[in-house]
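Number of protein chains: 4
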Amino acid sequence: MIVIMTPEAAEAEIAAVTEKLQSAGFTLHRSPGIQPVVLGAVGGNGYDDREIRQMAGVAEVVQIKDEFQLSGKKFRAQTVIKIGEVQIGGPEVVIMAGPCAVESETQLRKIAPTVKKAGGKILRGGAFKPRTSPYAFQGLGIEGLKILRKVADEHGLLVITEIMDAGDLPAFLDYVDILQVGARNMQNFSLLKELGKIRKPVLLKRGISATIKEWLLASEYLLAGGNYDVILCERGIRTYETMTRNTLDLSAIPLLKKLTHLPIVADPSHGTGIRDHVIPMARAAVAAGADGLLIEIHHEPEKAWSDGPQSLYLNQYEEMMEQLRIIGSAIGRKVEAPHLKPSLMFE
Amino acid sequence: MIVIMTPEAAEAEIAAVTEKLQSAGFTLHRSPGIQPVVLGAVGGNGYDDREIRQMAGVAEVVQIKDEFQLSGKKFRAQTVIKIGEVQIGGPEVVIMAGPCAVESETQLRKIAPTVKKAGGKILRGGAFKPRTSPYAFQGLGIEGLKILRKVADEHGLLVITEIMDAGDLPAFLDYVDILQVGARNMQNFSLLKELGKIRKPVLLKRGISATIKEWLLASEYLLAGGNYDVILCERGIRTYETMTRNTLDLSAIPLLKKLTHLPIVADPSHGTGIRDHVIPMARAAVAAGADGLLIEIHHEPEKAWSDGPQSLYLNQYEEMMEQLRIIGSAIGRKVEAPHLKPSLMFE
Amino acid sequence: MIVIMTPEAAEAEIAAVTEKLQSAGFTLHRSPGIQPVVLGAVGGNGYDDREIRQMAGVAEVVQIKDEFQLSGKKFRAQTVIKIGEVQIGGPEVVIMAGPCAVESETQLRKIAPTVKKAGGKILRGGAFKPRTSPYAFQGLGIEGLKILRKVADEHGLLVITEIMDAGDLPAFLDYVDILQVGARNMQNFSLLKELGKIRKPVLLKRGISATIKEWLLASEYLLAGGNYDVILCERGIRTYETMTRNTLDLSAIPLLKKLTHLPIVADPSHGTGIRDHVIPMARAAVAAGADGLLIEIHHEPEKAWSDGPQSLYLNQYEEMMEQLRIIGSAIGRKVEAPHLKPSLMFE
Amino acid sequence: MIVIMTPEAAEAEIAAVTEKLQSAGFTLHRSPGIQPVVLGAVGGNGYDDREIRQMAGVAEVVQIKDEFQLSGKKFRAQTVIKIGEVQIGGPEVVIMAGPCAVESETQLRKIAPTVKKAGGKILRGGAFKPRTSPYAFQGLGIEGLKILRKVADEHGLLVITEIMDAGDLPAFLDYVDILQVGARNMQNFSLLKELGKIRKPVLLKRGISATIKEWLLASEYLLAGGNYDVILCERGIRTYETMTRNTLDLSAIPLLKKLTHLPIVADPSHGTGIRDHVIPMARAAVAAGADGLLIEIHHEPEKAWSDGPQSLYLNQYEEMMEQLRIIGSAIGRKVEAPHLKPSLMFE
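Protein chains in written order, with this note's numbering: chain A, 888 to 1234; chain B, 888 to 1234; chain C, 888 to 1234; chain D, 888 to 1234.
A portion of the hints provided could be inaccurate.
Identical chains share a label here; the pair holds if one copy fits it or two copies do between them.
[Claimed, not checked] List time: in silico DSS-like cross-link candidates among lysine-lysine, alpha-carbon distance up to 30 Å:
#, residue 1, residue 2
1, K907, K961
2, K1080, K1190
3, K1190, K1100
4, K907, K997
5, K1190, K907
6, K1145, K1100
7, K1145, K1190
These aren't lab readings, by the way, just hints derived from the structure by calculation.
Next comes chain A alone, as it looks inside the complex (with noise of 0.2 Å):
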């Protein structure tokens, strides 16, 4: 911790600091050369330095610690996540899709095709759906968790879905390849030290009202237990602005890109709210550097039981995965689209 105190500061007020922080353990250093007086303090442990902000005579408290010690880019310079052939945090665009809520094995049926034919990788679906009323439908539980494996196995993808509850975790391990953490979720740590314990990878929501680095400080929860695999989702932050569900922050890509070895995905379906927003997003995320897309589609987004409003249609869905191929090759990203449009070919 460095301590500046004022240009103003007595002699008394620097004696005062000095001497609370060394009784608090810690060994001090004086700076002669600078004005205004600068104190080095080594030691102390976690110290809140909001008790010495209080003092007489302090202008700044400014704390050195690495906080980000697994999750930072000292500790690696770039995690890739391998589940079989797919590789997350690697040179492809990774794109996961699929309905809001795992509704039946018949609907799975009619999505999942889709989501391979047109580049997908990673099938999602809700099985426990967090709601904000009691009243809502709350998903269809390990049934759906059941479901998600079958059809995902029938087509060659993985499967990522939501875990509310620790006690679900085992049918979450037979079941599911990638855990989703939800934005309501980021700070229960209860459920982030069971998921440190576990080796399967985990995709980490940004909560609503998130920072940066609450968001890297919660990953560290599960880098802490062991668990290295995880993948961080931008979902949209919540701000003033009514008119968009949730303010898609896309300049957090970048900046976690210097921060941190994790991978970082963006959920354009959940950060906007509404259909017609969700392509221009999704490239502007790829365009920005995301590592991957969890995106939210339907065959009949009229008759979806959750977030219709914000599902694609499998046309869209299609459309988009060609647009993002060309916006991935401007920045030397693969996405893998295999059908394109003659009229979006590159002139």
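Take the given structure of chain A and dock chains B, C and D to it, following the hints.
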């Protein structure tokens, strides 16, 4: 649901909306005398109206259903929670005070007598601590609950403390009078469902960026489970301002007094994060109509294991209680504060 | 400026920072005894430190310079603005009340006697109205100023009203005692510079998303011009919450009391936007330490030309004044409110 | 206006609302077939509905009137602003680039050739600078306008720069092609009214916490004055996140494309504040559908008089243009960028 069409809406557009709603199970009524056309749709529980909002010719969609079925004023005029001789939600402003974290029996014995003597009724103290960083002190756990109970009993106080994990519920039922749900867990629906099953009061803190509506819907999870003894606690929301730790939203108090029968208390310690701001905001909260306060105090704040900088010194707490008593009198509320200083007496 | 290097910073990185700062005109001092390395840079006025923050090996940059040269506590302990017998910033909490918009002489004559009788000192009323939509009523203009002056003089009141355009300054200097700068113009630097040249008090409202720091720097524009009679007015900030019009940030009051010598008042009418919330928040503002209040009242709010829904009825205003008097007594402040109701008397 | 009563509203309450609206000049129609009761109120221009919202039995009030009379899609499908050969709002994505502040003729001559060569059409540079602190560099003033004009003409570029004071308008009309209104002045209605009278394009930046609605209503001030050549510019909004200077709200772009015919451009330089984030967000803005970009570049950013840390080096600007060209092709937009690097070519 009421659908209001735009003044220019064509008959074909009106017909399309009508048809979509009918196919979703609604019975439709069209207003003959109103321009623009208004459609009343009866039935179709829980329909996601964003689909309708995106249709051509639709100006606005309004949901009428009463969302706060159990927490709203229609269900009950006012909830008064009775625990022994203490009543929360009645004429008295109830003060809950104590350290941020339970550190030891010795520590609590230095604080509890002042809590009681100055008029406090409930002893607070954290035994399970939600910490942003996994490397910070996480609390004494069940040992802390036992210490709280013991020292509170010695001084005729009740006990409030935070629960983070439903797995700890048996110990909380043994030792605690009011179970606190922290801001980070306000939408931990798994935890809320479990707490809805018990029959002890729950204090539900507002999430750091929760709207009033989301907060009341979270309380519905508790009430829907049959636990009607819910206390709401405003503890500061996240805004763009960084000079204060949070922005204590006192305007939530008069607003909630109109919307809900549940008692509402304020936590100016977490709401401000700075000792010198706690007393002014505690006074303001009572002046705004709060039914109680949650206050952090410590006999030696500078040595506190956590949140010392926002903890009041014991004598500050006593002075605050005297001021609160006078403010309470301005609005017909009682604050029990027996040791009035002559200098503060009302002329 | 203090530059704190990371613990791992290489000597070459330290040298690069040193060189860049020297070439920008700074004299550099390196702390010999501190780890990590701390560089003190003297000189180089107004340097944009983001350049340094982006250099390799830099952990943190701290600016020490005192930004609030004239509005800060170092310049002066407390400003008391004297206008005739009224003192703002002294022991009395000064109430400024009146309608949102000046509508006519008749209207003001129905309101002004109550303003005075219940203890108010200053008559408010808008003559130039900043309206979000160009199609809304824009105020009576200079005619409104004349009406305000005339009716205020008849009742022994001072006049406060909003100025939007420096071109109107001559009329304001003729008819107005305190010139109000609205939230939307808090950073209209052209206007602020002109108001810095006059010698009448200016009330500077906080911008709707202004930080405390930006607000004090805006007041610096006035003070730097030589106009030291500046009153700050908290009027609610923009947050994600939509059930209240704005979020009245009362924690700004104790914070500003530590940072600046300028008086600080609150506007609970604009701060809440709803009549029934105005009185609780007015009480809370005084309890938090405000030096005054700006309150909208109207003899017939339901017929007011603007902001009727947030205007108090005259009898509500009188009741509020009685409550404020008692609250003031709890903190040693005077609120002049002569007509005490027996029912509210202190037992 | 549509007033929706609660399901429990008594006839007396319905009558009270009806009467109040009739006395305010509305003609009332009551829906016979709809439950709850819906009242259609015709007339009563600009009525403040908060008064009705506070009445007993009222569930919701909905305003139907079209607020964006001139900026909305009903008035016009798409505005294409033509200045010489440059068209803003057409198929081409128009790049406006240059230094934050005009420093000298020499400086601009080092930057302008690259602006042009890489495909930029408009030279930007601040001559009047709005500065948060009164002690910071305030710009070269009219001398800066002359330099901009001269150097732009030498290189076949147009000129855009910010106007802060209507008093400077004659000089702007002489030297400038597009007048920029900064974020702090978005609701400086006096200035907007003056700019509504001229017949030169105005670029209106979004206020730092302006809603989309407030922004479009501010543009109405310009359009209502008869100036239809208005460009909207997203430049980042204020949120709780502090690691980025502002949060560039790219989702505003697809949203505005549905609401308004006005062209919309993005300013990733102010939107991020950090050089390394500018290019990813510039790419994202084009991918999201922006009609143009406003970009700060400098031949020696580290020596720039202002905002150097967010200014691109000239070669970074060139690389960005090549990437933008490819991204434009993915969505059928043209970005003129003649010097394609082979390494970035599409395979």
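Status of the hints after comparison with the structure:
Proximity of K907 to K961 under the C-alpha cut-off of 30 Å is restricted to the inter-copy arrangement: shortest distance 25 Å between copies versus 32 Å within a copy. In this assembly of identical chains, the alpha carbons of K1080 and K1190 lie at most 30 Å apart only when taken from different copies (29 Å versus 38 Å within one copy). Taking the closest pair of Cα atoms, K1190 and K1100 come within 30 Å of each other only across two copies (27 Å); inside a single copy the shortest separation is 39 Å, beyond that limit. Taking the shortest Cα distances, K907 and K997 sit within 30 Å of each other only across copies (22 Å), while inside one copy they are farther apart (67 Å).
For the identical chains of this complex, K1190 and K907 are inter-copy neighbours only, at 10 Å across copies versus 65 Å inside a copy, given an alpha-carbon limit of 30 Å. When the C-alpha separation of K1145 and K1100 is checked against a cutoff of 30 Å, the pair qualifies both within a copy, at 13 Å, and between copies, at 29 Å. For the homomeric pair K1145 and K1190, the shortest alpha-carbon distance between copies (24 Å) is at most 30 Å, but the shortest distance inside one copy (42 Å) is not.
Checked against the numbered hints above, the structure breaks none of them.
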